[in-house]
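K.L.:
Given chain C's structure and the hints, the job is docking chain V onto it.
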Amino acid sequence: MEKLYLPEIARGLSTTFRRIWEKPVTLEYPEQRPTIPEGYRGVPTLVKDPEGREKCVSCQLCEFVCPPKAIRITPGEIPEDSDYVHVEKAPKEFDIDMLRCIYCGMCQEVCPEEAIWLQNQFSMSGYTRKEMVNNKEKLYELGGTLPDEHFKWKKKKEAAKKGDGHH
Amino acid sequence: MELNPIIVKIVYASIVVVVIMTLCAYAVLAERKISSWIQGRVGPNRTALPIIGGIPIIGPFLTRLGIFQPLPDGLKFLFKEDVVPAHVNKFYFIMAPVLSLVPALTTVAVVPFGQFVTEAGEVIPLVLANVNVGLLFLFAISSLGVYGVVLAGWSSNSKYPFLGGIRASAQMISYELAMGVSVLPVLMWVNAPGREGTMNLFDIAQAQNGFWFAMWMPVSAIIFLVCLFAETNRLPFDMAESETELVSGFHTEYSSFKFGLFFVGEYAHMIIGSCVFTLLFLGGWNPLPFVTLETLGMDKGILGAALSVGIFLGKMCAMMFFFMWIRWTLPRFRYDQVMRLGWSTLLPLSIANLVAYALIIFYLDTGL
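Chains C and V, in that order, give the protein sequences. Residues 1 to 167 in this note's numbering are what the first sequence spells out, letter by letter. Residues 168 to 535 in this note's numbering are what the second sequence spells out, letter by letter.
One chain only, chain C, in its complex shape (with noise of 0.2 Å):
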């Protein structure tokens, strides 16, 4: 019977024909969206915290232990007159070149600041390569805001009040 090979064949058929009938199980990309699970790795960016202070100090470390050296780094001083002074240092400049970058992940898990966050956006484009690099406002448009618990440096500020160096 297995050699007549025919109703094999209407069983493979029956099996394909109720398949048209269910729903397609592909997403139309551009306008559905796959959901993001949580702890996605997708295009680094940079955040600021709730009061609108860019969190990154330009430490340095990031650019240090990225692999691919994707990162630039020009540190900057915080101006004077600024509320937030007492933290010194802010960057100046600060590109990842996204053809460079491998979505490691190690810029985010170095930095004692958590300033730099690998977050959602999963496709980057460009027509050129300059297009690529992602300076300093890209990356701050790219990361917004996201909830801070410590407020680190406004205790710093405070204990320094105190005349406590340490908090």
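All clues given are correct.
Calculated cross-link-like contacts (lysine to any residue; reagent style SDA-like; alpha-carbon spacing at most 25 Å):
| id | chain 1 | residue 1 | chain 2 | residue 2 |
| --- | --- | --- | --- | --- |
| 1 | C | K23 | V | A197 |
| 2 | C | K48 | C | D148 |
| 3 | C | K23 | V | Y193 |
| 4 | C | K23 | V | R231 |
| 5 | C | K23 | V | P227 |
| 6 | C | K48 | C | D83 |
| 7 | V | K176 | V | N299 |
| 8 | C | K23 | V | V195 |
| 9 | C | K23 | V | T230 |
| 10 | C | K23 | V | G207 |
| 11 | C | K136 | C | V65 |
| 12 | C | K23 | V | R208 |
| 13 | C | K89 | C | Q60 |
| 14 | C | K23 | V | F228 |
| 15 | C | K23 | V | Q206 |
| 16 | C | K69 | C | M98 |
| 17 | C | K48 | C | K152 |
| 18 | C | K23 | V | W495 |
| 19 | C | K23 | V | I234 |
| 20 | C | K155 | C | E114 |
| 21 | C | K23 | V | A485 |
| 22 | C | K69 | C | Y127 |
| 23 | C | K23 | V | S202 |
| 24 | V | K243 | C | Y29 |
| 25 | C | K23 | V | V209 |
| 26 | C | K152 | C | K162 |
| 27 | C | K23 | V | L232 |
| 28 | C | K23 | V | N212 |
| 29 | C | K23 | V | I201 |
| 30 | C | K69 | C | Y103 |
| 31 | C | K48 | C | Q108 |
| 32 | V | K243 | C | E28 |
| 33 | C | K23 | V | I205 |
| 34 | C | K23 | V | R199 |
| 35 | V | K467 | V | L293 |
| 36 | V | K257 | V | Y327 |
| 37 | C | K92 | C | G76 |
| 38 | C | K23 | V | I224 |
Hints listed in this document are in silico derivations from the structure and should not be mistaken for laboratory results. Quick caveat, the model's predicted, so the values are computed rather than measured.
P.N.:
Same frame as chain C, now just chain V:
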């Protein structure tokens, strides 16, 4: 006003060719859509024409169905770069795609699409050339289609097309035999003693006003169907193409419009094959077994003609769907399996079938 009969024929012929070409284009779309549905995908759903696509509700609906897709598909075949490799035999290389399409379009001439019954009860077949050798002509010409494949494989002067061409010719020889033998019972029945002898496809379809031949000659029908799949190079018998082994077989070296001709040729062969199977085994334009348009009283005039053509095309489309359905269900046979199936299963089976029906028809005719 009397029109020149030649001009009338040319007009009819162009209409039929246009219809067949349109059917081919939409068969490609149907293939893409059916494959995507079976595989749980959506299929072509983006192409929209500027004005028609803009109509609310209908426009997006047609776009989602991919109704406009054949147009860009065809344009792509026209406008892509046409590469003729340096190492090919140019004459045969260019002739091969033409040779694979022309037989398919030639056979259309003898395929009747329906019937026109005048008020006086005279039955006129709707066919380009109502020749008595219809079926023979069809078999003879449609087998020429394989020369396109073989020539393409040989003139490409490259190993994979060459293997594809060899396989195509071997497969054609093996399955042509069983195919020819499997329809003989049908012809024996239609040409029973006392009736007017005929090989006309129209008469064969008309003879199925009772049982359809698929019902009382199921073995013939199945053998014929299997051979039809082999002859049209469709899966599970697409040895000549066999992407997994032969890159893409005989048309590996072809591009642009020449490839397009092969592509359209394959679908034209399928359409003609479906037509022939419908005519031989599925009762042509008879709506149901034992029910003809005449018994329904709807056979007269233009309406009856339109109805018969509609029923015929409906059955043909169902056959086309079956072709595609099979393609996306079954894996490809191995080459040796194809040969074994052809020579040691289908051929003996069709001969046994022929002998059995010869005896049955003999006893039925002599009244036992």
